[in-house]
Each structure stands twice: as structure tokens, then as C-alpha cells.
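Q: Here is how the chains run, residue by residue.
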Amino acid sequence: MPVQEIMHRSVDKQWFCPPQSQAYSLRLTWLAIGALLWAGLIFAKLVSLQVIHHKEYARLARQQQELRVAIPAPRGPIFDRTGQPLAMSIPVESVFVNPLRIPDMGVASEILARILRLNAGELRNRMRWAYAHQRGFLWVKRKIPNAQAEQLRSLHLEWIDFETESQRHYPNGTLAAHVLGSVDHEEKGNAGIEMTLDRELRGREGWEMILTDVKRRGIDSQMATEAHAGTPLTLTIDSRIQFAAERELVKGIEARHARTGSIVVMNPYNGEILALANYPAFNPNEPPKPGEDSFGRFDLAVSVPFEPGSVFKVVTLAAALETTNLRPDSPINCNKGVLRLPGRVIHDSHRGYGVLPMQEVFEKSSNIGAIQIGFRVGSQNMYEYVRRFGFGSTTGLRLPAESAGLFRRLDRWGKTSLASIAMGQEVSTTSIQLARACAAIANGGLLVKPKLILKQGGQPTPMESPQRILRPQTAITMRQMMEGVVLRGTAKGRARIAGYTSGGKTGTAQIFDVKSHRYTHQYNASFMGFAPVTNPAFIVVVTLNGTSGSTGMGAGAAAPVFKAVATEALRVLDVPRDLPDLNPEPERESPADADDLSIADLGSGEPNVMEELAAQQSAPGAAVYASSDVVSADAAPAEAGPKVPNFRGKTMRAVVEEASAIGLPVLFDGSGIARAQVPAPGTVLHAGERVRVQFAR
Amino acid sequence: MATLATYFRKDDTVIYGEEAPVSARRRVARPADPYRLRSLPNEDVYFFCKRIDNTRLLKEKDPGATRQCWSAIGAFALLAILLAGALAPSVWGTFAGYQLQALKQERQRLIDERSTMEVAEAALLSPARLERLARARRLINPEPGQVIHLDPHADGSLAMNLHK
Numbered sequence: 021m022p023v024q025e026i027m028h029r030s031v032d033k034q035w036f037c038p039p040q041s042q043a044y045s046l047r048l049t050w051l052a053i054g055a056l057l058w059a060g061l062i063f064a065k066l067v068s069l070q071v072i073h074h075k076e077y078a079r080l081a082r083q084q085q086e087l088r089v090a091i092p093a094p095r096g097p098i099f100d101r102t103g104q105p106l107a108m109s110i111p112v113e114s115v116f117v118n119p120l121r122i123p124d125m126g127v128a129s130e131i132l133a134r135i136l137r138l139n140a141g142e143l144r145n146r147m148r149w150a151y152a153h154q155r156g157f158l159w160v161k162r163k164i165p166n167a168q169a170e171q172l173r174s175l176h177l178e179w180i181d182f183e184t185e186s187q188r189h190y191p192n193g194t195l196a197a198h199v200l201g202s203v204d205h206e207e208k209g210n211a212g213i214e215m216t217l218d219r220e221l222r223g224r225e226g227w228e229m230i231l232t233d234v235k236r237r238g239i240d241s242q243m244a245t246e247a248h249a250g251t252p253l254t255l256t257i258d259s260r261i262q263f264a265a266e267r268e269l270v271k272g273i274e275a276r277h278a279r280t281g282s283i284v285v286m287n288p289y290n291g292e293i294l295a296l297a298n299y300p301a302f303n304p305n306e307p308p309k310p311g312e313d314s315f316g317r318f319d320l321a322v323s324v325p326f327e328p329g330s331v332f333k334v335v336t337l338a339a340a341l342e343t344t345n346l347r348p349d350s351p352i353n354c355n356k357g358v359l360r361l362p363g364r365v366i367h368d369s370h371r372g373y374g375v376l377p378m379q380e381v382f383e384k385s386s387n388i389g390a391i392q393i394g395f396r397v398g399s400q401n402m403y404e405y406v407r408r409f410g411f412g413s414t415t416g417l418r419l420p421a422e423s424a425g426l427f428r429r430l431d432r433w434g435k436t437s438l439a440s441i442a443m444g445q446e447v448s449t450t451s452i453q454l455a456r457a458c459a460a461i462a463n464g465g466l467l468v469k470p471k472l473i474l475k476q477g478g479q480p481t482p483m484e485s486p487q488r489i490l491r492p493q494t495a496i497t498m499r500q501m502m503e504g505v506v507l508r509g510t511a512k513g514r515a516r517i518a519g520y521t522s523g524g525k526t527g528t529a530q531i532f533d534v535k536s537h538r539y540t541h542q543y544n545a546s547f548m549g550f551a552p553v554t555n556p557a558f559i560v561v562v563t564l565n566g567t568s569g570s571t572g573m574g575a576g577a578a579a580p581v582f583k584a585v586a587t588e589a590l591r592v593l594d595v596p597r598d599l600p601d602l603n604p605e606p607e608r609e610s611p612a613d614a615d616d617l618s619i620a621d622l623g624s625g626e627p628n629v630m631e632e633l634a635a636q637q638s639a640p641g642a643a644v645y646a647s648s649d650v651v652s653a654d655a656a657p658a659e660a661g662p663k664v665p666n667f668r669g670k671t672m673r674a675v676v677e678e679a680s681a682i683g684l685p686v687l688f689d690g691s692g693i694a695r696a697q698v699p700a701p702g703t704v705l706h707a708g709e710r711v712r713v714q715f716a717r
Numbered sequence: 241m242a243t244l245a246t247y248f249r250k251d252d253t254v255i256y257g258e259e260a261p262v263s264a265r266r267r268v269a270r271p272a273d274p275y276r277l278r279s280l281p282n283e284d285v286y287f288f289c290k291r292i293d294n295t296r297l298l299k300e301k302d303p304g305a306t307r308q309c310w311s312a313i314g315a316f317a318l319l320a321i322l323l324a325g326a327l328a329p330s331v332w333g334t335f336a337g338y339q340l341q342a343l344k345q346e347r348q349r350l351i352d353e354r355s356t357m358e359v360a361e362a363a364l365l366s367p368a369r370l371e372r373l374a375r376a377r378r379l380i381n382p383e384p385g386q387v388i389h390l391d392p393h394a395d396g397s398l399a400m401n402l403h404k
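As you go down the protein sequences, you meet chains A and B in turn.
Those letters in the first sequence? Residues 21 to 717, per the working numbering, in order.
Those letters in the second sequence? Residues 241 to 404, per the working numbering, in order.
Heads up, some of the hints might be wrong.
As the list claims (entries may be wrong) - Within a straight-line C-alpha distance of at most 30 angstroms, the following computed DSSO-like cross-link-like pairs (lysine-lysine) qualify:
#1 Lys344(B) - Lys235(A)
#2 Lys208(A) - Lys163(A)
#3 Lys163(A) - Lys344(B)
#4 Lys344(B) - Lys161(A)
#5 Lys75(A) - Lys65(A)
Note that these hints are calculated values from the structure, not bench results.
Note that the structure is predicted; figures quoted are calculated from it, not measured.
Generate coordinates for the entire structure from the input sequences, incorporating the hints supplied.
A: Right, here's the structure in full:
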């Protein structure tokens, strides 16, 4: 058939070319029906996806597109008062593996062990155990150094993964370790300030949801929970003084073969602790090893009380100045070094003295003299003043496990308790309590609360109002007497500081052995002092525990440490000199070193205060002591008080100096030149009396 | 124009057409040679290319159509611009988001790095290390009397004051 014919026939057929309107209408109808069906199907699918299964698909989409990321909230840093960091938290990597995805555990353990310095066999066993128990997660090593993390990352092994954690660093190592404390592996404080202020220091981690693309790159983020970083703390500690204190403490302990020791350096006016050092120390960067003796982590200055010995005579004499008419030049009978008490004979450790002025009793640290003064004070007053100085109660320092020491209630005092307490026995104190007492002398009679936190979150912490416990005149007199100890007394040549005046008191107490129920021939050598005398910049309390021999006394062992620490602290604090910068007289070794030893032989079979403290028993009625003192202040011979000098015509400054020199309490009225005074010049002043001076221009 | 199959099967047509009736051609076909190509449908339809010369025809100008065309182009362009304008913030936001997230990560990295460096600095400045360095260089604390306190000049300077 020719082609033209075929084509012609095809074109002529009716069905092939129907009328246009009809054909379009039919096709459009079918097309519309098809489109509607298609649209219906799509709509149905959309309803299924977005309404019926909305939650499920939304969850799947979130899982795929959103990333939950932790916002780190590092633990608050701790600084010293100069802004030097003492403790900081930095992010570090922890490495973990998925044992179910490890192709070859032998090779994997070898790789990891070599980089992370682990035991390959042990790691392989752990991996196998995890695999056998179908565990998909196994910590390999936590908090690894950045270099190791980078090395592992460069391997690009899919079964190794990392998690960022925070690690506490103490960049100064052992410096102020007992103050700072330490944290556990979860960065929870377990000692020191880290423990006491854990809630403030601990940050609260936040979370944010990050919308990611297919390559897990972040596009948008939405904060879920806000992170709260830990509160930064600024301590009152000065790292330079702290370092000097720790260094000199170690030197002193090594030189005198002591076992332990502590030093407290404190600002006497506001109670700020400038240094608190203990020996032995520990490195808070290193967690305690299994079986390690935890004694090195004890804050001895705060938690471990001891019998103070002769340093406690400061309290006795301050009470005497306040409650009796005794003055520094008042004669005290030292009974030639022997004093018989009910059931007990007390000997002075040095050669016996006869009658000495009270100042010399203090300078030579005569036990008999201190007891005689204590008798003048009386049990009630002594009890009250010991309590006023804060002994027997905690100082409120924000450190854990602070000990209140032990000071028995008055109704539990024994027959010789007053005598014992007057020379620093039958009472146990901590170094921080001694520091507070010494600060009261140094600041003019105010009991301040020791303070360790200078700023919290950038805000200065408020200072609690100090409590007046001594008259300013008493404190000034005590300062002068304590200067006498350094210039002429037991600490002569050992605590003098070039260019500065200094005052202090030595103390040596025998250590009581609870097991053998006896005092040993080992000592608690201590020294508490301040510098300069006129306007003390700080007080220092040094305690060396476990010294022995004549060089292990307070003067020989603790006073030189005081001198070294005070010299450094004066330089660091840039305190103006009040003396020519000359070398003080060289140290001496003489029998007088033993002068401050408190002979501790009880002789009456009564339980020792340290024994009682160790037993943690304080039940009332358990004491065997009588309720009243055998020797009371009334029994002592009446002592004439100081005569009132003639202040007329003198300036107020001159009156203050003259009155302070003899320990007279003076009340001032007006200003200018002294015109009148009551009582009249030459009158003997009795206990509790004061001189009123009227000034006019 | 014939295909190769048509060409090679010309003899088939001859056999079927000449030796048997049409009815029998279908029923009694010779056993097919499996190696022979089969004919394609409509193989006998021939097409040819006819050359048409339209160069003599001239398109009549239609200003209305042109206007409509440009209007359409303008409308589409406007629509495209509006669409782009509407989508631009979203796109910009996405890119900004990428940048923001990258900057956030960088910021956190720098914060972490600073913390690490502060710790390192504090360790370097620790009193114990400074003491070691001082000892290594044989530095000592001045003895009493060795420290000379200079009185400042009127202008407050202290330098070279000792020799005046």
C-alpha cells in the first residue's frame, strides 16, 4: 500500500480526529479526575504524616536534626587576696569506647594502652567483659591530658569517642592545701573550703538544643536550660605569706625534729586569715591513694586541739589586769619555784624565783608566778575571761571539722584546775583560737571572728562586729608586756625582727599520751606574737608538735619560725618600719630556753583534759572535781594598786601614754590640757576604779 | 526506505505470496529460521523528508503580543524578586545560624583555652617555682641594712637618687 494512501486513510478516520470541544472536555474530565485522585492521595498522605503520625515523625525528625548539647558550668575558681588563682576548673576529655563495635580487642587495647599509658591486658579484659555483657559503653580513661586526646583523635577510629568533663586544678600544688581542700572525681568538695562552700562553688550545667544539617553542623540553637557557673571565691589568704609560712614551718619542723606543726597569720583588726599552714601537707591535685594515711589531710590548726602551755598566760594576765589591781610592776611571789597545792606540788622548770614584778613573771614565764596571779583573779573571773577570749567554742571559721577545743564548765573544775588553767593546762585549744585571742590583745581588746572569705561572687563579704572583751588600756599593757618577752624574756634574741618592734609569748606544753595515761617528754612548742607593737599589722601563731629536748621549747623551736614568717609578711605587706634597720642580736642557746615549760605532772590522779577530749565525754556529773577552789583570790595577800599620777597641765596624748605605761584606766572629758582629775594625784587606785580627767583649752 | 530486515526478507514475501493462498500462509508457514530477522511493524510504510522553504514568508508584527510577552516577563521577574525577597531573610538566617554556631563553638574553645592558659600561668608564677628559680640563680633575701630606701625627688622620681 502506498504511503500516501495509508496516511490519507488514517487522517480521514472519525475516531482519530473527533470534534475538538468534545474531545477536550472528555480529556479534561479524565485529567481532572486523575489530578483530584492524586491530590486526594497526597492529602491523605499529608494527613497521615502531619496529623495522625505527627508526634512520631516529629520525634524522629528531632532525633535526626537536633543535637542536645551540654553548656558547661565550670566550678567556681578560688583566688587569693591578690587575685592569684589557687583553684580552677578546666575542661578535659574523657575517652570511652563502644566494645560492640571494636573489630579486634587485642589491637584496640594495645593502641589505647600505649597512648593512655594503661595496662593493655587489663583493658582487654574489661573490653571483653563489656562485650560479653553486651555493654555498648566503656570508660577507658577519664580526664586525660589534651595531648593524649589529640593523639587518639588523629587515629579517626569510629569506636573511640570522647566526652568533655571538668577537672579541678590547684596550680600551686600543696600551697594552702588544707584551706582549699580537695574535690572527688565528680568535682564535689570533700575537704576545706571546697567542702564548706561546695554549694556556692558548684556550677549548674545547662543544655541547649542545636538544629543541625545533614553534616551535623549547627544552624540554630535554642536554650533549654541556662547554665550557672560556680561562684568565684576570693580568700583572705595571701599566697606569698602562705608560702613563706609553709616554707618556714617545714624548716622549723626539720630543724627541731618535730612531727607536725601549724602556723596561723591573721589580721588582728578584721580577723582576715592571711596564712594558714599545716605540716604534713598534701597535694590536692592527687587523689588519696588506697591505704594512705589521711592524717596529712587534717587541718591541724583548726581541727586538732592541744594544751597550749605558757602562751595561755596571756589570758591569765589579761584577766588579772582587768579584774584585779595587779599592774605590770606589782610584785608576785614565785615561792622560790615550789608551790604546794592539795594533792599536787608544782615546780617551776627553771631555777626558782623569789618575788618578781608581774611583768617579769610574764617575761620569764614563771609557772608559780602565773598560778599566783591566777589565784588573784579567782575561778569565776578566770572562767569568764577564758570564755571571753573564745576558748571552748568554735571561731566560726568556714572550714570543716573545726574543733571547739575543751574548756570545762566551772562546776566541773577540780581542786587545782585554776592553777593548771593559769599556766595553760587543763584546757585544750586550737591554733586558730589562740590566734583570735592574740588578735584581741593586738587590736586593743576586741574579739574578732576569723574570716577566710574576702569576696564571694565579686561581692565583699560582710565583717561581723567584733566584741569588746578587754579595755583598750589592758590590751596596750599586754602588748607592752609581750614586747618585753621578746626584748628581755624567754624569746630574747629569737623573735626580734630587724627594723620592727615585735611582741609575743612562748609556750611549751608536755604532750599527754592517752594510752599510757602519762605526760611524755615531748612538747608542743608554740609562740604567738605580733609586729609591730604599736600598730600590729598581723599576729602569728606557731605551733610545733613533738619537739623534745632543750631546743624543742617554744622559745627555741617556735619563736625563730615566728621571726622568719613575720619578717617575710612585713616585707610583703610593706609595713612601715618603726626601728632602724639593724641586725637584731644573734640567737642564743641557753638553759633559759626551758623557762616557759609548763610542768604537767598532775599528781592527783585526775583525768587529763586531752584524755577527756579524746574520749569525747563531757557528761555532767562524771567529773570528780570539787566545785570550789581550794585557793581563792581572797586568800592571797592584798596588793596595793597603782598610785594615780598628776595629769594636770599635760596634753591628752601625754596623759594617754603615761596612763598606758602603768595600766591605768582613764576616762577623758573635753579636749585641750588636763585641768582637773578624780581621784586626786597620789591616790591608790583599787580594782575596777578609773581616773577621770577633765580637759579644757 | 527499507530496513535491513525488510531487505533481507524480500524472498519471504515472494514465497508466501506466490506459493500459497493467504489463508494458508498463516497456518502453514515454513519453519522459521531462528537466525533470520523478523520484520518490524509498519515496515512497509515509507517516510521521506520534504524540504520546505519558508524564507519568503514574513512574520507580521504584533505589538499586542509583544506587550503581553513583556508584561508576562515583567510579572514573572517581579514574582521572582518578591519570592526571593520573601525567602532571603530565611536563607540569610540559615547562613547566619551557621556562622553563629561556628562563632559560639569558637568562643567556647577560646574560653576553655584561656582557662587552661590561666592555670598554666598560675603554675608558672607559683611561689614555689619562683623560689626554685631564685635559688638556681643564687638570689637571696637582703640582710638587714642592705636595703637602701631612696627619698624621692620633688618630681616623684627615684632613679639615680642614691648618687646625688
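Q: Starting from the hint list further up, note which numbers the structure goes against and sort them upward.
A: Going through the list in order, the structure violates no hint and respects every one.
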